[in-house]
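*Asks:* Residue-level listing of the chains:
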Amino acid sequence: MRKRDWRWLLRWESLLAVILAMVIVANIQISDHYLGVDNFVNLFHLSIEKIILALIMTLIIINAEIDLSIASLMGLSACLFAWLYNKGVPAQSAILIALAAGTLCGTFNGFWIAYARLPSLVVTLAGLIMFRGAARILLEDRSIGLFPQWFNDLGQPNFVGPLSFGIIVFIILFVVCLIVLHFTAFGRYVYIIGNNRHAARYAGIKVRQTKMILFTLSGLVSSLGGLLLAARLGTVRANVAEDFELDIITMVLLGGVSIFGGTGTMVGVGLSILVVLNLRNGMSLANYSGNIQTSVVGILLIASVLLPNLFRAVRRWSAFSFRSRDMMSKDEEESQETQQTDTVGSIAN
Amino acid sequence: MNRIRQIIRPEQIRELSLLLIILLIIIFFGSQIDSYYTSRTFQRISSAVMIIMVVAVGETLVVITRNIDLSVGSIVGVTAYVAGEQVSIHNDLPPLALVLLAVGIGTVLGLLNGILVTYGNIPSIVVTLGTMAIYRGVLVEYGRGENVLVRDLPDWLVDLPRVNLFSIGELDIRLLVGVAVVIVIIFQLVLSFLPYGRRLYAIGSNPDAARMAGLPARRIVLGAFVLSGALSGLGGFIYLARFGTISFNAAQGLHMQAIAAVVVGGINIFGGSGTMFGMLLGAILMGILEQSLIRMQINEFWKDAIFGLFILLAVATDALVMNRLRDIWARAAVQMREAAMSEE
Amino acid sequence: MNTRKVLSILILLALLVTPILATNAQDDGPVEAVPGQELNMILLPKDPGNPVFVEAHEGAMEAHEELENPGELIFTGPTPENAIPGQIEIITSGTTEGVDAIMISANAYEELVPATTAAMEADITIVTWDSPVMPEGEDLFIAQVDFSETGVVMADMALNLLGEEGGQFAILSATPDASNQNAWIEAMQEALEADEKYANLELVDIVYGNDVPEDSYNQALGLVDKYPDLGLIMAPTTVGIAAAAKALQDEELCGEVLLSGLGLPSEMQAFVEDGCVQEFALWSFHDLGYLTYYVTYLLATEQLTGEIGEQFVAGRMGEYTIEEDPNREGGKRVLMGPFSLYNADNFDEWAVTEEEE
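Residue numbers (this note's numbering), protein chains in the order written: chain C, 2 to 350; chain U, 1081 to 1424; chain W, 432 to 788.
Hints were generated in silico from the structure; no laboratory data involved.
Remember, predicted model here, so these are calculated numbers, not experimental data.
Think of the CB as a built atom: it goes at the ideal place given N, C-alpha and C, for glycine as much as any other residue.
One thing to keep in mind: the hints can contain errors.
Pair by pair, the computed Cβ-Cβ distance ranges are [said to hold, decoys possible]:
1. Glu580(W) - Asp1239(U): 55 to 63 Å
2. Ser1119(U) - Glu580(W): 39 to 47 Å
3. Ala775(W) - Glu141(C): 56 to 64 Å
4. Gly502(W) - Ile293(C): 20 to 28 Å
5. Asp33(C) - Thr736(W): 45 to 53 Å
6. Glu552(W) - Ile293(C): 55 to 63 Å
7. Ile1408(U) - Leu16(C): 34 to 42 Å
8. Glu552(W) - Glu141(C): 29 to 37 Å
Just so you have them, the derived chain W footprint on chain C, three or more residues with Cβ under 8 Å [as the list claims (entries may be wrong)]:
9. 87-95
10. 181-193
11. 290-299
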């Protein structure tokens, strides 16, 4: 089973590469300015927080969990930073406090999920609402801005060469996640737990600690993303980073990561990030509204799960017609079907 | 004691405790706010809650089957807008036709959700996250940026929120609120007494067992999504009547409130248990909290934080307490059976 | 002798004529637009779904055709929950695309400035209308009315409706960052404090409906619930006033709680008939769009340099002058025109009959 997955994934990444090439070609047709350095930097820069969060989300989804509260946590840490700064706390301390608070929130999520064994869907859903609520309590209707210039500079391009600080953070984090996921024991544990939590526990893997670590990291990265967002926009409002979840989850799932956990690669997610960003960029240059862009991302999300299912169904059908039931035993078939209709439950477990 | 344990199930205990919490909260707010026990409070809460109630009925059906529907807000928005637009153009459209139009559109959208989940084998969270965005985008393109305006709507529609079903003294029961309550009652009866309801629970409790028992799982889940869409369509019609002006971000975020009502109302997110009555209590609790916080001049921004907290509490309680209660109940049932057998 | 006389007369004539010729050379009169030049322009409203901005678009299109501009006029805007970042993104894309001008009704006073400054550095003309940004972030602001005057108009409407005994009133605004609404509210607060006649008016709260009908509706109800003695809701936003009117109507509070503010006559018509809205004011968004387009066209083709004192003719709307903006230090503006006040008394003049729609 593992072998088939591995080969299938390779095919998925090739498909992504092809799609990416097509999007790039289309974009070149749409606009002459597409190929400029400025545009490329902008392309990344405008979505930099989302793609940073997609990296940690990959780990979480491979672990057969989900974190819906990331965007709200981004908003909360941005608001916390702004509120503290507005009260006179020096910016550096405010940053540290916001990061610490975010990490704590992640740990809070992690506790309920890892130790109380509550489904991550509902815990992070509650978190989504609570953290956004906390952000609203802090900032109410106001917006706070006028941050120190050095802070704002961190959020703008041309920080190091043409790149922004955020882009550098992304590159570093991408490399780190790549190494951790594919070359360390911890990464392997993440996969194994995602595949079968109980088997992992019987094999001696510390399931609860792993999940705790992942959600704590998620909190830390979310608050980092929130601060980057504050630096980029220059002002913070309570509804900042609203609805980022759609893009983030799409980037991860489109990258070949299964929502049930256990499969997916960093390379795939990297490619899908490029696809989504270039697609959005092309649509912006063609003056498609934000709403249309969001719907296209929605279509991508569904397609990213639908298409592999169709491939599998076609393959199963063609295998079935040539050889009777040899290729796949009936039990395997049925357990696959069960797995797929057992959606919320499996994410929960 | 065991006799009592046989008569009352853990789920009912949960609902009773919810009822108790509601009463306590009402008493608390009544002591803090002047003229709380008036018809105006009732109106405000019931009007605020009626749309959620209708939509949450559909959501309950879906969640019982161990799925989730995040696109209900977008469906309400689409149906409210399209129905509003059509009736603006054709002012003489009969009311029933308009309602059927809204419900019909919702049904189609729900059908699409259902097909993708059951035949496409895509997890419902992925499907409805995607269709939430897609339906919203289609709405924007369809509307081409123009709002539905009150001035274009026929009088009967604009006046509909004020129509009374009947009055008890000073208390007016509005027609739309009555409709919402009737819907909840109908579907509660479906769940309790019709075979369809039994099947929904079966699929949610254990999809494998249900399939092996020969239940047409796909069709049943599909039906749940279709009903959710249809009910969201009805919700869209009520939304149109209440707000009049429909922009293309109508009902954004409604899915959160629906899910909150469902989860707080004791419907297990794993599926397989929960009742409409529980959902009703959950919706009422949320509605009371929201409206009363506003009255108390408490920073309205606490509302969301408290909402989230309630959801967390509800789920934590369910996981920690309900499972233990069920164990105790099951053991008591076995004990009683053994006692009965040994007597023979 | 005769030659000298003739010469002197000629020199005298020359001396007389030259200044006249010189003055004529300098004083061309107000600039009139030369049509037919190709410019790609973006009209960026706060929210493209709001009917007032659709009207502004129609006005801009009228000017676009009158000026026979073969280029494109793109009408696009952000979604309300993405109001500020959405506008930033559109400005940045426009800069990358290399449009000639962007006409912005800004969702925020400061946050757009980095993007607009970058655009101006790329030789793009930035003209704001309806809602400005900081003076250094724009070339010019087209003000529909004088913003301080707006405050007085609102205060006067409140005084008029609440009467001598005054009472409590609240403001239902749009988004908390909108520069125009905030300027008007500030002006109103100043007017209330400055003049004795407003002494009995008490402003109890300012809430924000975000120009979203559902939110504005709920905020209006919230106001009524929070302040049982509330006499008037002042809503300086067409979305807010329409939603508040429906809310009052649904709760059968029309006439008990008075409603006023800025509203579109076509939207307010039914509510005035029902007695839910007593009085409201507005200007022509269609004309605002028309004027904005003209000025932008003149600036982008460099027929105007955007300096204070320049005069120009804006098509059918007549002559205008670029002047200093008294409400923003260092800002320049073109002031469009007066308010129109609407109420039940002059109803027949402005109410639209079925066929006209």
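*Asks:* Now look at each hint and say whether the structure bears it out.
*Replies:* Tested hints:
About 38 Å separates the C-beta atoms of Glu580(W) and Asp1239(U), a value inconsistent with the hinted range of 55 to 63 Å. For Ser1119(U) and Glu580(W), the hinted distance range of 39 to 47 Å is satisfied, since their beta carbons lie about 43 Å from each other. The hinted range of 56 to 64 Å is not satisfied by Ala775(W) and Glu141(C), whose Cβ atoms lie roughly 37 Å apart. For the pair Gly502(W) and Ile293(C), the supplied restraint of 20 to 28 Å holds, since their beta-carbon distance comes to about 23 Å.
With their beta carbons about 30 Å apart, Asp33(C) and Thr736(W) fall outside the hinted range of 45 to 53 Å. In this structure the supplied range 55 to 63 Å is violated for Glu552(W) paired with Ile293(C), their Cβ-Cβ distance being about 30 Å. For the pair Ile1408(U) and Leu16(C), the beta carbons lie near 53 Å from each other, so the given range of 34 to 42 Å is not met. The beta-carbon spacing between Glu552(W) and Glu141(C), approximately 36 Å, falls within the hinted interval of 29 to 37 Å.
Coverage of the stretch 87-95 of chain C by chain W is violated [criterion: at least 3 residues with CB-CB distance below 8 Å; count 0]. With a cut-off of 8 Å between beta carbons, the stretch 181-193 of chain C has 0 residues touching chain W; three or more are needed, and the interface restraint is violated. Residue count for the stretch 290-299 of chain C with a Cβ under 8 Å from a Cβ of chain W: 3. That meets the three needed, and the coverage hint holds.
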